[in-house]
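Residue numbers (full-length UniProt numbering), protein chains in the order written: chain L, 1 to 295; chain P, 1 to 295.
Source of the hints: derived by calculation from the structure; they are not laboratory data.
No incorrect hints appear here.
Derived pair list, reagent style DSSO-like, types lysine-lysine, alpha-carbon separation capped at 27 Å: (1) Lys26/P - Lys92/P; (2) Lys92/L - Lys26/L; (3) Lys247/L - Lys261/L; (4) Lys261/P - Lys261/L; (5) Lys247/P - Lys261/L; (6) Lys261/P - Lys247/L; (7) Lys247/P - Lys261/P.
There are 2 protein chains.
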Amino acid sequence: MTNPIFPTLCVVGPGLIGSSVLRRAKLDRSIAHRLIAYDRNPSVLERARALELADVVTDDLTAAVADADCVMLCVPVGAIPEVAAKALPAMKPGAILTDVGSTRRSVLDGVLPFLRPDVAYVPAHPMAGTEHSGPDAGFSTLFEQRWCLLTPIDNTPPNAIARMEALWHAMGARTRIMDVEHHDKVCAIVSHLPHLIAFTICGTADTLADEMRSEVLDFAASGFRDFTRIAASDPTMWRDIFLHNRKALLEVLDRFSDDAKNMADAIRGGDDATIVATIERGRRIRRSLIENKQA
Amino acid sequence: MTNPIFPTLCVVGPGLIGSSVLRRAKLDRSIAHRLIAYDRNPSVLERARALELADVVTDDLTAAVADADCVMLCVPVGAIPEVAAKALPAMKPGAILTDVGSTRRSVLDGVLPFLRPDVAYVPAHPMAGTEHSGPDAGFSTLFEQRWCLLTPIDNTPPNAIARMEALWHAMGARTRIMDVEHHDKVCAIVSHLPHLIAFTICGTADTLADEMRSEVLDFAASGFRDFTRIAASDPTMWRDIFLHNRKALLEVLDRFSDDAKNMADAIRGGDDATIVATIERGRRIRRSLIENKQA
Numbered sequence: 001m002t003n004p005i006f007p008t009l010c011v012v013g014p015g016l017i018g019s020s021v022l023r024r025a026k027l028d029r030s031i032a033h034r035l036i037a038y039d040r041n042p043s044v045l046e047r048a049r050a051l052e053l054a055d056v057v058t059d060d061l062t063a064a065v066a067d068a069d070c071v072m073l074c075v076p077v078g079a080i081p082e083v084a085a086k087a088l089p090a091m092k093p094g095a096i097l098t099d100v101g102s103t104r105r106s107v108l109d110g111v112l113p114f115l116r117p118d119v120a121y122v123p124a125h126p127m128a129g130t131e132h133s134g135p136d137a138g139f140s141t142l143f144e145q146r147w148c149l150l151t152p153i154d155n156t157p158p159n160a161i162a163r164m165e166a167l168w169h170a171m172g173a174r175t176r177i178m179d180v181e182h183h184d185k186v187c188a189i190v191s192h193l194p195h196l197i198a199f200t201i202c203g204t205a206d207t208l209a210d211e212m213r214s215e216v217l218d219f220a221a222s223g224f225r226d227f228t229r230i231a232a233s234d235p236t237m238w239r240d241i242f243l244h245n246r247k248a249l250l251e252v253l254d255r256f257s258d259d260a261k262n263m264a265d266a267i268r269g270g271d272d273a274t275i276v277a278t279i280e281r282g283r284r285i286r287r288s289l290i291e292n293k294q295a
Numbered sequence: 001m002t003n004p005i006f007p008t009l010c011v012v013g014p015g016l017i018g019s020s021v022l023r024r025a026k027l028d029r030s031i032a033h034r035l036i037a038y039d040r041n042p043s044v045l046e047r048a049r050a051l052e053l054a055d056v057v058t059d060d061l062t063a064a065v066a067d068a069d070c071v072m073l074c075v076p077v078g079a080i081p082e083v084a085a086k087a088l089p090a091m092k093p094g095a096i097l098t099d100v101g102s103t104r105r106s107v108l109d110g111v112l113p114f115l116r117p118d119v120a121y122v123p124a125h126p127m128a129g130t131e132h133s134g135p136d137a138g139f140s141t142l143f144e145q146r147w148c149l150l151t152p153i154d155n156t157p158p159n160a161i162a163r164m165e166a167l168w169h170a171m172g173a174r175t176r177i178m179d180v181e182h183h184d185k186v187c188a189i190v191s192h193l194p195h196l197i198a199f200t201i202c203g204t205a206d207t208l209a210d211e212m213r214s215e216v217l218d219f220a221a222s223g224f225r226d227f228t229r230i231a232a233s234d235p236t237m238w239r240d241i242f243l244h245n246r247k248a249l250l251e252v253l254d255r256f257s258d259d260a261k262n263m264a265d266a267i268r269g270g271d272d273a274t275i276v277a278t279i280e281r282g283r284r285i286r287r288s289l290i291e292n293k294q295a
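The following block holds chain L by itself, in its conformation from the complex (with noise of 0.2 Å):
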């Protein structure tokens, strides 16, 4: 066998990503020899053994990682610190730790405090995902062709971003190397604030009267359904990124009440050029993301 990524991997939280995680580093051995899976939640670990998602299933977390070279927290990011804070005494010299939370400067203003200086933290945040959780969501495509964000902090040693930056396009994906508030700023516009309107619109729909309700539901055109596919998310999760995110996240937000106050006052006053203007930006933006690649 050659050397794998690492030798041991240990997943806390094999949800819908750290199971995808674990299903491909079962079926890519070059990843890691071998790997761990840890959750507190019972549920969870049955769903884990069942589905044989690592070689090693436990609710201990200590011993989960003791010998891993790298820790990957798969969990809510308001968790993160704590987790990590009880993993970090655990761990081995020379490990990494990472985790793949959608938020990165609350997370590390969280981590900070109960670093070691053996142990690497390199942050990755694969841009990926289903409106499914739990460990039956998972599947080891989940990351193709998707970018995994990675922020290191100053003075992490270049050989722990190459091994993380290797694992991730083992998954599949692509790779880049990004600022922490930048990154929150990028997350804010092309994943918070969406899902933060699909929450709100199914909420506003839920609010009407419940005759209009039920024909809501009947009649939801294609518009509406993908709203809901977005809402269907993980609330704990995106309680969690919504919160930690908030200062970028309502930048952005203000900034788009203010575009649909606008567009409102369009439609009020017959403003054809300013509707149709921002329609086309709209598609603007779809044909770029066509040719990106990324639709």
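Fit chain P to the known structure of chain L by using the hints.
Below, chain P without anything else, positioned relative to chain L:
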């Protein structure tokens, strides 16, 4: 040959919807024995001929509608009254005029002055579509399992309504008869508001600084990608819908804006309970859609 629903069916505007109707009717000659397509745009006529969408493809509206037992207007809602005014005097007694517009009150007000007592007007709004437009975008299964909402006016002969329902059932759609105002309210929430929001958020992304915009495109996560898909729809069609359903649309937009503001306040204030409650409502709507086989 058995009697078709309409011996001759004329589609005015063979775009996404119109060409899909023609494609289905070509496959199922029990819908109509003779198919006529009219457009004023030479490039649409050329594609309609190349695609052999109808037995007759013409740029002569009077000739196109003269023999038709059903004239179906598949043009943007803003153009329906004008086209109806030109078509109606040339139609034969006993024929049915229909359109597929997404807004009803304004179209009805525009068409009413031109109606003839011997031609039934039975509008039917098929709740189906894609982000593509034009004769090449249509396909024969577009209406399968989708709803088609009929909004006949008072004193419409029941037989005319029954024939229009039969046509849409033959298209694979389910039909429901609905009051004009109620139609406009339901569609404002399930279709028009989601589209308005998708256009707006794409516009918001477009106004970001150049560096950021390029990364918005690079890293468009699934959330944003779905929005751009919706936002890729035809500008003229959507401008008309927004302007023609402005009252109902502005009402639901106001309500959505209030809900978005409440969500922003909850995020700003760290109000976990409100955030989770909003997310859970989105998920509930989604589950209902899945139970209703709309997702």
